[in-house]
Structure formats: structure tokens, C-alpha cells
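Heads up: the sequence lines are chains H and U, in that order.
Sequential numbering of the first sequence, starting at 1, is according to my numbering.
Sequential numbering of the second sequence, starting at 1, is according to my numbering.
The hints are simulated quantities; they were obtained by calculation from the structure and are not laboratory data.
Computed from a prediction, not measured in an experiment: that's the story for all the values here.
Note that the Cβ used here is the ideal one computed from N, Cα and C, for glycine as well.
Possibly wrong hints are sitting among the right ones.
As the list claims (entries may be wrong) - When the alpha-carbon atoms are kept at most 35 Å apart in a straight line, the in silico DSBU-like pairs for lysine-lysine are as follows:
1. K235(H) with K164(H)
2. K209(U) with K164(H)
3. K137(U) with K220(H)
Unchecked claim - A few chain H residues that don't get close to chain U, going by computed Cβ distances all over 12 Å:
4. S10
5. T68
6. S81
7. S94
8. S105
9. A160
10. H201
11. D202
12. D211
13. S233
14. P234
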Amino acid sequence: MALLEIRGVSKSFRTLRALDGVDIDVEAGRFHGLIGPNGSGKSTLLKAIAGAHFADSGTIVFDGNDITRATPYERARAGLSLKFQITAVLPELSVYDNILLATQSGESLPRLLRSSSRRVLGEEVSGLLERFRLVDRADDLAGELSHGEQQWLEIAMALALKPKLLLLDEPTGGMSPEERQVTGKLLEPLRAHCALVIVEHDLHFIRDICDYLTVLDQGKVLDQGDVETIQRSPKVQQVFTTRV
Amino acid sequence: MLSEAGSEMTVASPSEKRRGVAGRGRSFRRVLPYIEAGALVVALVLPFVLGDRTDLVTLATNVLILSMLAISFDLCWGLAGIMSFGQALFFGVAGYAIALVGRDLDFSDAWATLPLAMLVGLLLSGLFAAFLLLGRKTPSIIFVAFGTLTGSYAAERLVSGWQYVGAGNGLSSVKLLKLGAYEFVEGDTFYFLALGLLLLVYLAARYFKQSQLGLVLAGMRQNEERLAFLGYRVQLFKAVLFSFAGLVAGLGGALYSYHQGFIGPGNMGPGLSTTAVIYCLLGGSGTLIGPIFGTATVEVLSYALSDIDAIRHIWPVVLGLVLLLVVMFQPRGIVGLFVSDRERIGSYGRRRSSG
Chain H
1 MALLEIRGVS
11 KSFRTLRALD
21 GVDIDVEAGR
31 FHGLIGPNGS
41 GKSTLLKAIA
51 GAHFADSGTI
61 VFDGNDITRA
71 TPYERARAGL
81 SLKFQITAVL
91 PELSVYDNIL
101 LATQSGESLP
111 RLLRSSSRRV
121 LGEEVSGLLE
131 RFRLVDRADD
141 LAGELSHGEQ
151 QWLEIAMALA
161 LKPKLLLLDE
171 PTGGMSPEER
181 QVTGKLLEPL
191 RAHCALVIVE
201 HDLHFIRDIC
211 DYLTVLDQGK
221 VLDQGDVETI
231 QRSPKVQQVF
241 TTRV
Chain U
1 MLSEAGSEMT
11 VASPSEKRRG
21 VAGRGRSFRR
31 VLPYIEAGAL
41 VVALVLPFVL
51 GDRTDLVTLA
61 TNVLILSMLA
71 ISFDLCWGLA
81 GIMSFGQALF
91 FGVAGYAIAL
101 VGRDLDFSDA
111 WATLPLAMLV
121 GLLLSGLFAA
131 FLLLGRKTPS
141 IIFVAFGTLT
151 GSYAAERLVS
161 GWQYVGAGNG
171 LSSVKLLKLG
181 AYEFVEGDTF
191 YFLALGLLLL
201 VYLAARYFKQ
211 SQLGLVLAGM
221 RQNEERLAFL
231 GYRVQLFKAV
241 LFSFAGLVAG
251 LGGALYSYHQ
261 GFIGPGNMGP
271 GLSTTAVIYC
281 LLGGSGTLIG
291 PIFGTATVEV
301 LSYALSDIDA
311 IRHIWPVVLG
321 LVLLLVVMFQ
331 PRGIVGLFVS
341 DRERIGSYGR
351 RRSSG
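Chain H with its partners taken away, still in its complex shape:
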């Protein structure tokens, strides 16, 4: 059984049918890319998975549990983590405190009140700071980071939740080519820990990092398969040459 099973998911916004009977399986440990022209429903699908929207119909089963109508909090606790498209780091807290906030989210209220994990989690925070090249900026406010650094901080926070599945909405949005390369390198070691669903405009980036691709068009799955299959797919080529 796949880690995430999406069956017949539809979602409309008034008259616009953003998703129309989407079926997707995401296997554990796989880097799964979602691509498609603007307005094809990629971000809507990601939000339906994370719980920012509820699907109108269809089911989403994660790790054996039906989460179609679970709240974002319940999904996060189940092991789903979302990195927002527009960075949503907490600008008035230091970089360190942002990551600490993410790492301590599993703690119970009494333990938070007693600050019983501040020291223990410190090592975990330091590890993430190092891995995402943020050690020198640990004491700076998150709002003072460059755009690229904020994206890395977001990924670090999403990862701090130790998710089984990490959802990345445009992880390289607004990044320079160098920053994109670094981001690719930062994500690669995650393969051992969790599965990834990535929405991304940069097709080079997604080709380099993903094992499996789903192409959406007008809210429907146009084609899916491994990267070579998709690159050779005539249906996909037609859509991308005529409309992108």
C-alpha cells in the first residue's frame, strides 16, 4: 500500500473546477514531482493534502488513515508536513527560535510549561542549523534573512517535525540559480527519512531531484510515470509546447 493514496479528489471554487477526479499514489521514500501549466491544480492539490482546503469529494488516505476531513493540526501530528509556497517563517523570532518552535511541537503542554526539553532539543536545532547553512544566522531575526535563506529555514522547520511525507510548494521560488543548486543538495539526503511531494515550476530542478512525476492539466491527471517516461510522453509534450 502506498504511503499516500489520493482517490477521485475534486475541488471547485465557485464555477472553477480546480481538481477533477485526481488519483495519485505516493510511495514511501519516493520524491514525487507535481508539474503542469499555471492553473492546472498543483497547489490546490497540495493544499488539499495538507488540509488548507478540504476536497469536495474523493478520499485521501495517509499511512492507512483516512485524513480527507482531518484538520491541519491532526495531519501534522500524523506525519504530514507542508512547506508553504510563500515563506511563512515567523519574522519577529530568531532563526534559532523558529526551528526550536518546530522541533518542540510534539511536546505536551505541561512539558512546554516546565521548559523540560529546551536543552535536549538544542542539539537537534543545532544539527538542522548546520545542515541548512544557517549557523551564522541563528541569532538573527527570521525576517532579516534573504529570500533563499528563508526558504531553507522553512524546509528546516518542515523537516524538524520528522514527517513521513514532506510537501514542498515551490521550494526554489524566487531563488538564484546557485541557491537552487544548493537547495537540490540540501534535499537529497532526505531520501532516507521521508517521502517528498514537490510542486515546482523549474523543470530542470524537478527532473534532477524527482524519481516520479505526475502531470496535471486543467485539474486532471494528464500522465504519470518516472522521469524518462514523462519526458517521452506525447500527451505531455503537446500540452507543454502549446500552452507553456
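Go by the hints and put chain U onto chain H.
Leaving out everything else, chain U in the frame of chain H:
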């Protein structure tokens, strides 16, 4: 869009919305502990300085008691981002509770009545929190503000027409607070009792703010929705803070009732609730010490100017204008003049200077 929904739901206190340049960056000096220590020293020597002026000692005691109401509001707004326009409800109801226990049961022993008042505040605010905050749908800030305001207003009207609790006249000749055989009358001992209890409340609130729970609250004030996606039950945290704030207001209400020897419908109404908002915003919300300064400023000015008829009549208008000016020009309040944003919001991890 998610980001748009997020910005609507974000609960930043007004002071956080207008962040300035001052106090940003990695180096900031801690000044709050000095301000706190200074305030404590002043509070300790004050009765000795005032000496025979018992009216002023009474005023100072009143400031200490009302400061609990101000801190109660700061716990809601400055820490948890809950706009409560009904904080006096818990204050007043607890005040009535101990006055009735004194009248009908002839009992006013501090060991039982003060915990009773705290329990009344806790349960009542817990009930409000369950109703206003813990629904399946995330409540908007307006919903909570109106919910608390309505509760406060309804309680005032209800009590005003209820003969058993004195109706519009309230309850006067409240039994004196006792500790064993000792009776607390107005004066130095009541002052130090109030100071001691305020200190305990302050330390508890300060502990909340500086704990890992305080970090969650700081995050919530900036972006509630983001915290939900990190796996925090945001509304539960709010409900806990709101209930604790109710407990603090309850303790204040009991002391007020004992100290004044009187409690009336106005002590639980929107008038006092709004005054608590002014105390807190004028002093500087989110700093805990700020609301105490705010209370002292408002109450001392009000006392000093009360002899001048012309001013007494328009005093509520003056207070309203002060609130407006503070929100417009100095949203960080009096304490915000000295304390950096960074210190006010809080810092929970390492700092460069400490390694």
C-alpha cells in the same frame, strides 16, 4: 489562497504590526529586569514614604489590586493574542462571590475565600474559553471580542436587576478579610498583602512568558495558521491562557471587594473591562510590567484630577482619547520607550554573547 487567509487570521498585537527600526538586529540590551527590580523597590518603600497619608496608601493599594486586572488582560492580549473586552466580568463575579460568602455564611478567611475567588474566575473564564475558542471552526478576533464584551455587559445588566445581590446598589459593608484572628483593614498591611499577591501573580505570568510555552505564544501572535501546520493546537493554548487570566482577575476582584468594602454591577461591566484595556495598552502590552505602570498612571492621574470638577466630568472622554493616541502614536506603550521589540517579543534559544 492560503497566504491571504493566513494574513486575515494572524493575530498580531497592534504594537507588533508597526515594528520600527529600533531594537532590531542581533544585539539588544535587556532592560526589563532592571525596570522590574526598580518597580519592586519603589513598591516596597512606598508606604514608608507616604507615612501618614492613608488616603494615598489606599490609592496605592488600589493600584496594586487593579494591576491584577491589567495583567489579566495582558495575559490575554499581550501573550495569547486574545482581544478580551470582558476581563472585568471575572473580576466582578469573583468579587461578588466572596462578598456573598461573607454576608450569607459569615465567612471571610483568606485561606479559603481567595482560592474560592480564583476558582470562580478560572471556571467562568474556562466556560467562556470553551464556548468562544474551542469550537471546530477557528474563531475570528472580532467574534471573541464581542463574545467577551457581551458577557461582561449582560452580567452587569443582570446583576443590576437582581435583588438578592443588591441590584443596582451592589453589595456594601463587605466583611473584612481575615487571616486567623487578624482582620485586614485599609492601610499598610493590606498594601503589603496586595503587593505580595501581585508579586506571585507577576512571577507566574513571567514564568509562562519565558517558558517554551511562551515561545509557542510568541509564534501564535505572529501567525496562528502557521502554528497549526506545525502541529500545535492553537485554540487549546489560547483557552489555557484565557482561563489562567480569569483566575488572576478573580483574585483581583476578591481583593478589590475586601479592600473597598463594596462591589457593584459596574465592577463587572464593559466600563471597567475597557479601562483594563487602557491600563495595558498605555503601559505597554506584552511586557507584564507595562500594565502595572499603565494602571498606576491612570489611577494616580484620575485621583489627582478628581477634585477639579470640569475634568472629572469629561474623564472618560480623556481616557478614550489617551487610548486612541497610544494606539496611533505609541503602540508599544510607556515601557515600549525603553524596551526593544526583541526583548518584548522574547528570545528562547541561544544568544551570541552567551556562546
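Quiz item: Taking C-beta pairs only, is S94(H) more than 12 Å away from all of chain U?
Solution: S94(H) not clear of chain U: closest Cβ-Cβ about 6 Å, inside 12 Å.
Beyond 12 Å from chain U, beta-carbon-wise, is D211(H)?
Fine: 26 Å to the nearest Cβ keeps D211(H) off the interface.
S233(H) remote from chain U - nearest C-beta pair above 12 Å: 30 Å, holds
Decide, holds or violated, for the assertion that all CB atoms of chain U are farther than 12 Å from the CB of H201(H). With a cut-off of 12 Å, H201(H) remains clear of chain U, as the shortest Cβ separation is near 17 Å.
- Non-interface claim for D202(H): all C-beta distances to chain U beyond 12 Å? Given that every Cβ of chain U is farther than 12 Å from that of D202(H), nearest at about 20 Å, it holds.
Sort out whether K164(H) lies within 35 Å of K235(H), counting only the CA atoms.
32 Å, holds
Closest CB-CB distance from T68(H) to chain U, is it above 12 Å? 15 Å, holds
Status of S81(H), Cβ more than 12 Å from any chain U Cβ:
It is violated; S81(H) is separated from chain U by about 8 Å at its closest Cβ, not greater than 12 Å.
- request: Say whether it holds or is violated: P234(H) keeps its Cβ farther than 12 Å from all Cβ of chain U.
  value: Given a closest Cβ separation of 34 Å, the condition holds.
*Quick one, are K209(U) and K164(H) close enough, alpha carbons at most 35 Å?*
OK: K209(U) and K164(H) at ~32 Å, within 35 Å.
Are all C-beta atoms of chain U more than 12 Å from that of S10(H)? 19 Å, holds
Taking the minimum C-beta separation from S105(H) to chain U, is that value above 12 Å? 4 Å, violated
Violated hints, in rising order: 6, 7, 8 and 9; the structure is consistent with all others.
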